[in-house]
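Here the protein sequences come in this chain order: A and B. The UniProt record's numbering applies: residue 1 is where the first sequence begins, and numbers increase by one. The UniProt record's numbering applies: residue 1 is where the second sequence begins, and numbers increase by one.
Take these hints with a grain of salt, some might be off.
To be verified - Reference excerpt, derived from the structure (chain A facing chain B, CB under 8 Å, subset only): (1) N17; (2) P26; (3) L29; (4) Y40; (5) A43; (6) S51; (7) H52; (8) P143; (9) Y290.
What the hints assert, rightly or not - Derived lysine to any residue pairs resembling SDA-like cross-links, with alpha carbons at most 20 Å apart: (10) B:K118 - A:I243; (11) A:K102 - A:T231; (12) A:K224 - A:L237; (13) B:K34 - A:L29; (14) A:K229 - A:N247; (15) A:K345 - B:K118.
Unchecked claim - Here are some, though not all, of the chain B residues that point toward chain A, as calculated from beta-carbon distances under 10 Å: (16) K15; (17) Y27; (18) N46; (19) K125; (20) Q295; (21) F303.
Simulated from the structure, these hints should not be mistaken for laboratory data. Positions of the beta carbon are idealized from the N, C-alpha and C atoms, including for glycine.
Take a look at the letters that make up each chain.
There are 2 protein chains.
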Amino acid sequence: MTTTDGHINGHSVRKLNFGAGPAQLPYELLENVKDEFLNYHGAGANIMELSHRSSTFAKVIQDAEQDIREILSIPESYAVLFLQGGATAQFSAIPLHFLNLKPSQTADYLVTGYWSEKAAKEAEKFGKVNWVVPKGSKYQGVPAEASWKLSADPSYFYYCANETIHGIEVDDIPAIIPKDVPIVCDMSSNFLTRPFDITKFSVVFASAQKNFGISGVVLVIIRKDLVEKNTNKSIPLILEYKIQIDNGSMYNTPPTFAIYIASKMFAWIKQQGGLKAINEGADKKSSLVYQTIEQSNGFYVNFVEKKYRSRTNIPFRIVTNGVPDEKLETLFIKEAIQSNMIELKGHRAVGGIRVSLYNGISVKEATQLVNFMRTFQTNNS
Amino acid sequence: MTTTDGHINGHSVRKLNFGAGPAQLPYELLENVKDEFLNYHGAGANIMELSHRSSTFAKVIQDAEQDIREILSIPESYAVLFLQGGATAQFSAIPLHFLNLKPSQTADYLVTGYWSEKAAKEAEKFGKVNWVVPKGSKYQGVPAEASWKLSADPSYFYYCANETIHGIEVDDIPAIIPKDVPIVCDMSSNFLTRPFDITKFSVVFASAQKNFGISGVVLVIIRKDLVEKNTNKSIPLILEYKIQIDNGSMYNTPPTFAIYIASKMFAWIKQQGGLKAINEGADKKSSLVYQTIEQSNGFYVNFVEKKYRSRTNIPFRIVTNGVPDEKLETLFIKEAIQSNMIELKGHRAVGGIRVSLYNGISVKEATQLVNFMRTFQTNNS
Numbered sequence: 001m002t003t004t005d006g007h008i009n010g011h012s013v014r015k016l017n018f019g020a021g022p023a024q025l026p027y028e029l030l031e032n033v034k035d036e037f038l039n040y041h042g043a044g045a046n047i048m049e050l051s052h053r054s055s056t057f058a059k060v061i062q063d064a065e066q067d068i069r070e071i072l073s074i075p076e077s078y079a080v081l082f083l084q085g086g087a088t089a090q091f092s093a094i095p096l097h098f099l100n101l102k103p104s105q106t107a108d109y110l111v112t113g114y115w116s117e118k119a120a121k122e123a124e125k126f127g128k129v130n131w132v133v134p135k136g137s138k139y140q141g142v143p144a145e146a147s148w149k150l151s152a153d154p155s156y157f158y159y160c161a162n163e164t165i166h167g168i169e170v171d172d173i174p175a176i177i178p179k180d181v182p183i184v185c186d187m188s189s190n191f192l193t194r195p196f197d198i199t200k201f202s203v204v205f206a207s208a209q210k211n212f213g214i215s216g217v218v219l220v221i222i223r224k225d226l227v228e229k230n231t232n233k234s235i236p237l238i239l240e241y242k243i244q245i246d247n248g249s250m251y252n253t254p255p256t257f258a259i260y261i262a263s264k265m266f267a268w269i270k271q272q273g274g275l276k277a278i279n280e281g282a283d284k285k286s287s288l289v290y291q292t293i294e295q296s297n298g299f300y301v302n303f304v305e306k307k308y309r310s311r312t313n314i315p316f317r318i319v320t321n322g323v324p325d326e327k328l329e330t331l332f333i334k335e336a337i338q339s340n341m342i343e344l345k346g347h348r349a350v351g352g353i354r355v356s357l358y359n360g361i362s363v364k365e366a367t368q369l370v371n372f373m374r375t376f377q378t379n380n381s
Numbered sequence: 001m002t003t004t005d006g007h008i009n010g011h012s013v014r015k016l017n018f019g020a021g022p023a024q025l026p027y028e029l030l031e032n033v034k035d036e037f038l039n040y041h042g043a044g045a046n047i048m049e050l051s052h053r054s055s056t057f058a059k060v061i062q063d064a065e066q067d068i069r070e071i072l073s074i075p076e077s078y079a080v081l082f083l084q085g086g087a088t089a090q091f092s093a094i095p096l097h098f099l100n101l102k103p104s105q106t107a108d109y110l111v112t113g114y115w116s117e118k119a120a121k122e123a124e125k126f127g128k129v130n131w132v133v134p135k136g137s138k139y140q141g142v143p144a145e146a147s148w149k150l151s152a153d154p155s156y157f158y159y160c161a162n163e164t165i166h167g168i169e170v171d172d173i174p175a176i177i178p179k180d181v182p183i184v185c186d187m188s189s190n191f192l193t194r195p196f197d198i199t200k201f202s203v204v205f206a207s208a209q210k211n212f213g214i215s216g217v218v219l220v221i222i223r224k225d226l227v228e229k230n231t232n233k234s235i236p237l238i239l240e241y242k243i244q245i246d247n248g249s250m251y252n253t254p255p256t257f258a259i260y261i262a263s264k265m266f267a268w269i270k271q272q273g274g275l276k277a278i279n280e281g282a283d284k285k286s287s288l289v290y291q292t293i294e295q296s297n298g299f300y301v302n303f304v305e306k307k308y309r310s311r312t313n314i315p316f317r318i319v320t321n322g323v324p325d326e327k328l329e330t331l332f333i334k335e336a337i338q339s340n341m342i343e344l345k346g347h348r349a350v351g352g353i354r355v356s357l358y359n360g361i362s363v364k365e366a367t368q369l370v371n372f373m374r375t376f377q378t379n380n381s
């Protein structure tokens, strides 16, 4: 007998995945997908075996769009697109469409870590990019706004709301940015973990495999009027917004199964109580981990400036005698695995441990982790 | 109790899908995926919930690559890539990389239907395209080679091996093409339905949702030395071959679940006896339908020149008094649905009926269709 938390005949077979993505899904969602695997709603096939032009799949993608519009109160002036190529494709699509939006022909990029750096470098392939702050080496926070170098009238301002490797979260549009500058935001790793006002943004994009599904689909929410202003006629088809808007994300065959899983996640988020409830859960989960770090008397150390600490990705080191102790970190990861918790190894760029707390991780599971952290500290200090 | 052909408690719930894709998968494959849905090989998660950097997924993509290399005898001088964006992304990636390969800076495109026309038009965004034959209007065959206008030394020659809408298949590289011209082929709809010599090609690509899986992944088999010759520095990241070759298709997060299904399909093809057996099956299935058409005394009519008849997509009209009978075609589609057979409506560009016979359709199922066709003719002529 399988229970809803992955116990089979009393034994837990389900691993607890704290990796940076692809992330674990809510177990009840997985069971539901399994239940309809051979016969989706009487269609006599799995949803992934059906034409994207079928009425059955049309309902899936329409429901998905309707749910996400409801969750985020997205007005009709914005298009909602389900595309391929992840955030990486958007790193190119954004400058290809919008670099020349204003006479300055310059975009301002706030680089706060690995992903925004990558996006800025990609944009430089296609035109002029102004780095708002100098390229960092450590990324343990965001330089004070007073030091930022902003363009006079940039085509857009770009930032990444959450950096997964360095664990830096910018939880709202920086106050210093003038209201009339189009804001483009990569929310791949914290999308749908907190409410936000979409009307403040021109483009928001997020790949699904962290907080709302599996890899293979990226959600793009974009101001339709801005797309109409694009004058670049040499954008590769697969990156063209207008053609996908005109075709309801189905100019080419969409990744139907990944969209189906996203639609399930949107429904799940609504069931949880929407973004208000999700936000509270994200606060609880991340507070559990940060408190455990803070109360560890320097055994666990997170280097990120408090104001910019990420709620979804928490990198930390285990420190003995003032220096990171790689041996102890290796033991931590090993013993975590023995306790059924996987993917806790930090990114090679920063080392140590990383705890990712996406929507598929429950408060109960985060509690399980911090209990392990406390026990590990007791046993090893 | 579920049997291997989709009967549950003696009732067939499984529909027979003759659509142009996404296509049906072998039922036993679907059951196998369902069986390991909550716990993939003891990993304690679905494969789609695991990091693409995990050893578990690494084995999936490595096995997939090894199997497809074995099936097609792909030498090490070719890279095998699992990418996003379908054939549409390749329509741009190809000219962006190779249009300027030769001093002619021109690519020859053989346009035989909807898809090759789309590819040629996309290439025109980025440089000079020579249309080998004039743009057609009906596409019921391929003009005689003697009439082709080939470039003296084109950067490459491009063709689509199978046109799904018009039902035209070019089953080998046209003999007229000089041996030293790089050949680029879109095999999306007949890939893995017949053996072919990969060493005659420079690039072959095929999206998975027809003959080897689900939508969201496109396979690209490409000569590594050709990629090294690319000098275009402004190719969007997501379309860059070299970066994906260097990173084993994992420069960005790959569509893990779609790759997993493809790996299952490759294993399934090997189990069937490889491409020799698949090829025989494709011959049998398509012969059943074409024979039924030919023996119908003009009740069913396929307009494609015999030499270029597609084995995977067979469009036909139902004709009474010498003209297509849309009323009868509507009845055909309706009664087929009542007999559990779906997606038989022809593409709006050509009308009528279309039977797609991808790898997921068995000879038995094709027989079921032609039995229906014969009965329908008897009842309606």
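Comparing the hints with the structure gives:
With a least beta-carbon distance of about 6 Å to chain B, the hint placing A:N17 at the interface is held under the 8 Å criterion. Using the Cβ-Cβ criterion of 8 Å, the hint placing A:P26 at the interface with chain B is not satisfied: the shortest such distance is roughly 10 Å. At about 10 Å, the closest approach between the beta carbon of A:L29 and any beta carbon in chain B exceeds 8 Å, and the interface hint on this residue is violated. Look at A:Y40: its Cβ only gets to about 10 Å from chain B, farther than 8 Å, so that hint breaks.
The criterion of a C-beta within 8 Å of any C-beta in chain B is met by A:A43, whose closest approach is roughly 7 Å, and the hint holds. Below 8 Å, beta-carbon pairs count as interface contacts, and A:S51 has one with chain B at about 5 Å; its hint therefore holds. Interface restraint check: A:H52 against chain B, minimum CB-CB distance 7 Å, threshold 8 Å, status holds. Because the closest C-beta pair between A:P143 and chain B is about 27 Å apart, greater than 8 Å, the hint is violated.
At about 24 Å, the closest approach between the beta carbon of A:Y290 and any beta carbon in chain B exceeds 8 Å, and the interface hint on this residue is violated. A threshold of 20 Å between alpha carbons decides the hint, and for B:K118 with A:I243 the separation of about 14 Å falls inside it, so the pair holds. For the hint linking A:K102 to A:T231, the alpha-carbon distance of about 12 Å falls within 20 Å, and the restraint holds. For the hint linking A:K224 to A:L237, the alpha-carbon distance of about 18 Å falls within 20 Å, and the restraint holds.
With a C-alpha separation of about 14 Å, the suggested pairing of B:K34 with A:L29 holds against the 20 Å cut-off. Among the hinted pairs, A:K229 with A:N247 is consistent with the structure: their alpha-carbon atoms are about 18 Å apart, no more than 20 Å. Simply put, A:K345 and B:K118 have alpha-carbon atoms about 46 Å apart, too far for the 20 Å limit, and the pair is violated. Interface restraint check for B:K15: the shortest CB-CB distance to chain A comes to about 3 Å, inside 10 Å, so the restraint holds.
Interface restraint check for B:Y27: the shortest CB-CB distance to chain A comes to about 8 Å, inside 10 Å, so the restraint holds. Given the 10 Å rule on beta carbons, the hint for B:N46 holds: about 6 Å separates it from the nearest Cβ of chain A. At its closest, the beta carbon of B:K125 sits 5 Å from a beta carbon of chain A; the interface hint therefore holds under the 10 Å criterion. Proximity of B:Q295 to chain A is violated relative to the hint, the smallest CB-CB distance being about 29 Å (cut-off 10 Å).
Given hint, B:F303 at the interface with chain A, is violated; its Cβ is 23 Å from that chain's nearest Cβ, farther than 10 Å.
The structure fails to meet hints 2, 3, 4, 8, 9, 15, 20, 21 from the earlier list, while all remaining hints are met.
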